[in-house]
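Novice: Sequential numbering from 4 applies to the sequence shown in this note's numbering.
Worth flagging that the hints you see were computed from the coordinates, not collected in a lab.
Accuracy of the hints is not assured; some may be wrong.
[As the list claims (entries may be wrong)] No more than 30 Å apart at the CA atoms, straight line, and that leaves these computed lysine-lysine pairs for DSS-like:
(1) Lys74 <-> Lys133
(2) Lys76 <-> Lys130
(3) Lys202 <-> Lys170
(4) Lys31 <-> Lys70
(5) Lys76 <-> Lys31
(6) Lys11 <-> Lys62
(7) Lys171 <-> Lys198
(8) Lys170 <-> Lys184
(9) Lys62 <-> Lys79
(10) Lys62 <-> Lys83
(11) Lys7 <-> Lys70
(12) Lys74 <-> Lys31
(13) Lys62 <-> Lys74
(14) Lys130 <-> Lys184
(15) Lys184 <-> Lys202
(16) Lys79 <-> Lys133
(17) Lys31 <-> Lys79
(18) Lys185 <-> Lys171
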Amino acid sequence: MPLKRFQKIRRYLHFADNLQDDGYRYFKVRHLLESIRRNCLNVEEETRFSIDEIMVPYKGARAGSRKQYIKNKPRKWGFKVFVRAGVPGIVYNFLVYGGQDTFHYSEFTDEEICMGLGAKVVLAISKTIKQQACSVLYFDNFFTSLELLNHLRNMPKRKLWDPEAKKKAVEAVRAKEMGYKKTVKLFNVPRATLKDYVKKPDKSIEEIVSGKMGKKPVLPLN
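The whole structure should be built from the sequences, with the hints applied where relevant.
Specialist: Put into structure tokens, the structure is as follows:
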């Protein structure tokens with residue numbers, strides 16, 4: 004494609020109405036980003052998530068201060084994006100870093116709005132978790148603060164699943180009557196926990212279901 008033709012196409016390519024600009028730094032591509040984010044939210048989730056930052060490589064000169072430089076990243080120049088991903092690496096939610104506009108469309112309580120950047124990132128992209136009570140979040144010291152840990156600890160506690168439903172779910176998967184996806188929907192049990200149960204063939208189903216799963220909390224419950 005000739006250069007002039009490419010420049011002409013770029014000149015008339017728009018993803019948003021300029022008359023509706025609300026001051027958001029990524030306003031021109033907001034609808035495109037939101038469309039991608041909605042597709043990520045529609046993906047079937049797990050119960051273990053990692054929150055971290057990634058770089059979308061970009062070395063052009065048109066991004067201005069939106070372009071970030073992080074020396075410890077493999078791709079040092081680009082757009083910084085905070086993501087919530089699962090064990091296979093699938094992204095379920097993300098938040099584009101935009102300085103003061105990072106949380107332009109995020110809603111926080113009076114307690115949450117006083118927290119730092121890292122804590123608010125965790126809260127913003129974890130509120131869309133479908134099964135919050137039985138999910139586990141992993142994040143490094145950039146996002147960690149005592150306020151955030153206390154806040155997460157005081158959120159709704161882990162749900163108590165029906166022992167009979169868990170027993171029937173384990174029996175169905177072990178007998179290869181159905182897969183994990185169908186079993187989780189039919190018996191309403193967490194997928195990650197079901198996999199942990201099935202991976203213990205040396206124990207009886209009654210012994211597995213009656214035992215406690217998971218690790219001890221970092222902070223005391225009292």
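Novice: Each hint: holds or not?
Specialist: A quick look at each hint next to the structure:
Only pairs whose Cα atoms come within 30 Å are accepted, and Lys74 paired with Lys133 is rejected, the gap being roughly 35 Å. Note on Lys76 and Lys130: the hinted pairing holds, with a Cα-Cα distance of about 27 Å set against a maximum of 30 Å. Only pairs whose Cα atoms come within 30 Å are accepted, and Lys202 paired with Lys170 is accepted, the gap being roughly 14 Å. For the suggested pair Lys31 and Lys70, the alpha carbons sit about 15 Å apart, so the restraint of at most 30 Å is met.
The hinted pair formed by Lys76 and Lys31 meets the criterion: a straight-line CA distance of about 27 Å does not exceed 30 Å. With a C-alpha separation of about 21 Å, the suggested pair Lys11 and Lys62 falls inside the 30 Å cut-off, and the hint holds. The straight-line distance between the Cα atoms of Lys171 and Lys198 is roughly 13 Å, inside the 30 Å bound, and the hint therefore holds. Pair hint Lys170 plus Lys184 holds up; C-alpha atoms about 16 Å apart against a cutoff of 30 Å.
Note on Lys62 and Lys79: the hinted pairing holds, with a Cα-Cα distance of about 9 Å set against a maximum of 30 Å. Straight-line distance between C-alpha atoms of Lys62 and Lys83 comes to about 13 Å, which keeps the hinted pair within the 30 Å bound. Distance hint between Lys7 and Lys70 is fulfilled; the C-alpha atoms sit about 26 Å from each other, no more than 30 Å. Taken as a hint, the Lys74 and Lys31 pair is honoured in the structure, with Cα atoms around 28 Å apart against an allowance of 30 Å.
Our distance criterion of 30 Å between C-alpha atoms is met by Lys62 and Lys74, whose separation comes to about 14 Å. Straight-line distance between C-alpha atoms of Lys130 and Lys184 comes to about 23 Å, which keeps the hinted pair within the 30 Å bound. With a C-alpha separation of about 16 Å, the suggested pair Lys184 and Lys202 falls inside the 30 Å cut-off, and the hint holds. Among the hinted pairs, Lys79 with Lys133 is inconsistent with the structure: their alpha-carbon atoms are about 33 Å apart, more than 30 Å.
Our distance criterion of 30 Å between C-alpha atoms is met by Lys31 and Lys79, whose separation comes to about 24 Å. With a CA separation close to 13 Å, the supplied pair Lys185 and Lys171 stays within the 30 Å bound.
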